[in-house]
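S.K.: Sequence:
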Amino acid sequence: MKKKHEKKVNPSTSLRMTLSGIERVKIIIFFTFSFLIFNLFYSQSVSPLYSQFVNENKKAVVEYLKKIKNLPSFNTQLVIFENIYDNQLKQDVFQEENGRNLQIKKLEQVLQINPKARDVLYGLYQLYLEKGDKITAGKYLKQAKEVDPDVK
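Note that the numbering used here numbers the sequence shown so that position 93 is 93, with each residue one more than the last.
Please keep in mind that the hints were generated in silico from the structure rather than gathered at the bench. A hint or two may mislead.
Stated by the list, open to error - With a straight-line Cα cutoff of 25 angstroms, these simulated BS3-like cross-link-like pairs (lysine-lysine) come out:
{"#": "1", "residue 1": "K116", "residue 2": "K105"}
{"#": "2", "residue 1": "K66", "residue 2": "K131"}
{"#": "3", "residue 1": "K106", "residue 2": "K116"}
{"#": "4", "residue 1": "K116", "residue 2": "K134"}
{"#": "5", "residue 1": "K116", "residue 2": "K152"}
{"#": "6", "residue 1": "K116", "residue 2": "K131"}
{"#": "7", "residue 1": "K66", "residue 2": "K90"}
{"#": "8", "residue 1": "K67", "residue 2": "K90"}
Produce the entire structure from the sequences given, and follow the hints as far as they go.
M.R.: Right, here's the structure in full:
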């Protein structure tokens, strides 16, 4: 008597299924290993500022905040660190920028008195360049070159 629904197993099919299982294990091992290597590499490259944050080094926090000033998370980070330290932190972060703005203001006042002062024009060029305002910096460099073509 023959059974109608008896399924014949092809030996090559069962071998493929086994290899498929082995392939899955290999893929899982590969991705796990890759993940571990990736984490190991990046854990070694953690910023040296991190350990200083943990030790509440205010100077390190000021440097960190200066570097992220242009990022969207800056204000949130500033508030967090102001709660840890004090309101003086904000002044420390913006001290360099405020000093530069004060120098610009003073040089522009001098320029109103003497609009052809080459050194003042060049100083304004440098300050605006530091500030990141290349258009205004270029304007002052152009004026300085008009006064003295040897200005570079």
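S.K.: With reference to the structure, classify each hint as holding or not holding.
M.R.: So, going through the hints one by one against the coordinates:
no.	hint	in the structure
1	K116 <-> K105	holds, 17 angstroms
2	K66 <-> K131	holds, 13 angstroms
3	K106 <-> K116	holds, 16 angstroms
4	K116 <-> K134	holds, 21 angstroms
5	K116 <-> K152	holds, 16 angstroms
6	K116 <-> K131	holds, 23 angstroms
7	K66 <-> K90	holds, 10 angstroms
8	K67 <-> K90	holds, 13 angstroms
This entry satisfies every hint, going by the numbered hints stated previously.
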